[in-house]
Amino acid sequence: MISIQKYVRAKSLEEAYQLNQSRANRVIGGMLWIKTGNGSVNTAIDLCDLGLDGIEETQEAFLIGAMTSLRRMELHQGLNTYTQGAAGAAVRDIIGVQFRNLATVGGSIWGRFGFSDVLTFFLSLETFVELYQGGIVPLEQFAALGYDRDILVRLIVKKKPGVFAYRAFRNQRTDLPVLTCALSRMEGEYRAVIGARPGRAIVVRDEEGLLSGGQTEGRYNAFSAYVARVVPMGSNTRGSAAYRTHLARVLTERNLMQIMESGGK
Amino acid sequence: MEIKIKLNGKDVSASIEADLLLIDFLREHGCYSVKRGCETSGCGLCTVLMDEKPVLSCSVLTARADGHEIWTLEGLQEEAQEFAGFIADQGADQCGFCNPGFVMNTIALLRENPNPTDDEIRAYLAGNLCRCSGYEGQLRGIRNYLDSRGEKGNGHTCVL
Numbered sequence: 003m004i005s006i007q008k009y010v011r012a013k014s015l016e017e018a019y020q021l022n023q024s025r026a027n028r029v030i031g032g033m034l035w036i037k038t039g040n041g042s043v044n045t046a047i048d049l050c051d052l053g054l055d056g057i058e059e060t061q062e063a064f065l066i067g068a069m070t071s072l073r074r075m076e077l078h079q080g081l082n083t084y085t086q087g088a089a090g091a092a093v094r095d096i097i098g099v100q101f102r103n104l105a106t107v108g109g110s111i112w113g114r115f116g117f118s119d120v121l122t123f124f125l126s127l128e129t130f131v132e133l134y135q136g137g138i139v140p141l142e143q144f145a146a147l148g149y150d151r152d153i154l155v156r157l158i159v160k161k162k163p164g165v166f167a168y169r170a171f172r173n174q175r176t177d178l179p180v181l182t183c184a185l186s187r188m189e190g191e192y193r194a195v196i197g198a199r200p201g202r203a204i205v206v207r208d209e210e211g212l213l214s215g216g217q218t219e220g221r222y223n224a225f226s227a228y229v230a231r232v233v234p235m236g237s238n239t240r241g242s243a244a245y246r247t248h249l250a251r252v253l254t255e256r257n258l259m260q261i262m263e264s265g266g267k
Numbered sequence: 045m046e047i048k049i050k051l052n053g054k055d056v057s058a059s060i061e062a063d064l065l066l067i068d069f070l071r072e073h074g075c076y077s078v079k080r081g082c083e084t085s086g087c088g089l090c091t092v093l094m095d096e097k098p099v100l101s102c103s104v105l106t107a108r109a110d111g112h113e114i115w116t117l118e119g120l121q122e123e124a125q126e127f128a129g130f131i132a133d134q135g136a137d138q139c140g141f142c143n144p145g146f147v148m149n150t151i152a153l154l155r156e157n158p159n160p161t162d163d164e165i166r167a168y169l170a171g172n173l174c175r176c177s178g179y180e181g182q183l184r185g186i187r188n189y190l191d192s193r194g195e196k197g198n199g200h201t202c203v204l
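From first to last, the protein sequence lines stand for chains A and B.
The working numbering runs 2 ahead of the 1-based position in the first sequence.
The working numbering runs 44 ahead of the 1-based position in the second sequence.
Among the hints, a few may not be true.
Subject to a maximum C-alpha distance of 30 angstroms in a straight line, what follows is the list of computed DSS-like cross-link-like pairs (lysine-lysine) [as the list claims (entries may be wrong)]:
#, chain 1, residue 1, chain 2, residue 2
1, B, K48, A, K13
2, B, K79, A, K13
3, A, K13, B, K97
Hints listed in this document are in silico derivations from the structure and should not be mistaken for laboratory results.
Since we're looking at a predicted model, the values are computed, not measured.
Just chain B, same shape as in the assembly (with noise of 0.2 angstroms):
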């Protein structure tokens, strides 16, 4: 079947099988950020937005995304940016597979709730799973980057 998708900006055109998983289309036309974890919608690796929404690439036909607009980290990059740098001051991203999920996810709280709670970046992060680290470390990153920015969150400061 033939489909039209706007992925990062751009239109593609393709012709696709009708059992095609959006993260095998993504991955198809490069986007590598989108990485393959559980295979059971449980791990968060593969979140891409979605008319806005993160979802789970791996759990998305893409023929439903059909007509649809797509973002991947790819075409996130600057946004991405401004904050990934104080997750890797944390050391957060140790072996990284997670990491771009976890941007991901990241960039769509920060859209919806520019100034999280600790709690708030807990409870929306709790879909991306990391085998390296106790996830603390993602927290700081993200709670130094919203405290440089001066502008106030909970005033709870993260604590080890």
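Isolated chain A (complex conformation) (with noise of 0.2 angstroms):
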């Protein structure tokens, strides 16, 4: 069980950062991961009065707000079909529409969990994390990053022709994954991100070129298990690494399958 002495709504980023410099505050997001947590908090930080919230669409990308909930992520209809419906797929099975309407974009981001769908899915697109000190970084050296005291604002999703799909697997619906997969094709790269390893999610680019040259069943195949042997894997209670590593070939070649059907050649 969690204790917050105080709680304060921050009227401006710099009153959130200020705030946040102080190891016992914290930024609470959609308060459900810090909820699972033990210990005290002296001031709870809020930061939704800072119209953080939603999605902004430009020409040419889309602002996602840190405060953004998952729900809304979820039913976000440029967004959807921008990534023909990955973004929808990615979130739809964490719990319940009662926790995404909650647990927020920025939150899961920032946790940078081992576990997280959205980081996964982001991964895959050319994404970059807006920190109020830090600046703009790509969500790819972000995602390596350790925790500081900075405080995330938005995602920037630039608006990269591609093709996108995702999968994960889950021993039940609404449980935790055992494997995330996304995998994406933007201006002729591919990009494999591989998560719930149990770690962080990882990138995997087609460095090897066993997709170029034309899309047959076999180059499929080859790219599947490369994705499936250079991405470390490890074992929990969900699944061991020999299983996860199989689930990687499997996810990897079925998302390839259906980016390729759905215009990917």
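Fit chain to chain and form the complex, with the hints in mind.
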């Protein structure tokens, strides 16, 4: 059980940032992750009044505020059109609608949780993270960093033309995933993202050119096997490393077939 | 800290601790339909509507609800009665503990999507757990309610 001494709705990002410099204070995001912990928080910093709960679509990008709920992301027409439904597919099995109305994109990305469908999905897009002090950094770089006292303001997803697919394997619907897998092809570059390894999601590119020179079942097999081979896996109560390696190959191949069928050739 | 919430259509002011959860605030104010279940934000027992959206009151700080509108089953009896009887007819609420959460989320579903398919019902209610049933009873009850309205769902009948 977490105890909180003081609650503050930040009136500005600067106020939130200054409050967050104390290790005793925490940005609460959707509150769902913090609630599972124990200990004491001096000041709970709430960003809910900063207008960061929406998705703005421009000609070049989607600007996704840190307080945007996963449910809003799931239902956002523009984002789902751009990703051929992968945005909704990535989050629709996260617990239930009530949970997704609370959980935030910013909280999911800031946490860089190993089990995160959200991190896996956004790594397959051309995504940048806007930090209050740290500026704009590629999500792939951000995902590899440790935690600091900055404030995540929004995600910026560049509308690079591409095709996208998302799959996760769960022992049962609404449970945490055993493995997550996103795949994209943007301007000729293939990107496979494997998460819930159970470590943080990582990106695999087709550096050996296994998918170049025509799309055949043999090439899908070769790239899927490559992804399964190079991604480090671990074991936990949900599945063994060997099982995850097998799943990585299968999910990558299915995603590949999906994006080829939807125009990735 | 001082807060003001519109609870079931009525203005409520209170002085609260910063870490008071909404579920506890609601129960302190007589809303006993709001049940504490899993404590891990996964069972849906404590579902309430916050600004029309279903949320888990066990995972919302009351302080965050300040200035917002909250509805519990106590304030939605009439709307719930429309279909709760159909769920009861199927024997779907055996011990009844999960029922308020199911009813609240079904209200949210039907407001958002008045004619859901069976798959849409399953997807929307996936966050409501029931230890007694296999969920088919709830699905049959909602489907029978929708059929009774004479409105077209997906044309599927629910089959065990």
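We went through each hint and held it up to the structure:
1. K48(B) with K13(A): holds, 19 angstroms
2. K79(B) with K13(A): Since the Cα atoms of K79(B) and K13(A) sit roughly 34 angstroms apart, the hinted pair is violated (cutoff 30 angstroms).
3. K13(A) with K97(B): Answer holds: K13(A) to K97(B) is near 24 angstroms, not above 30 angstroms.
Checked against the numbered hints above, the structure breaks only hint 2 and satisfies the rest.
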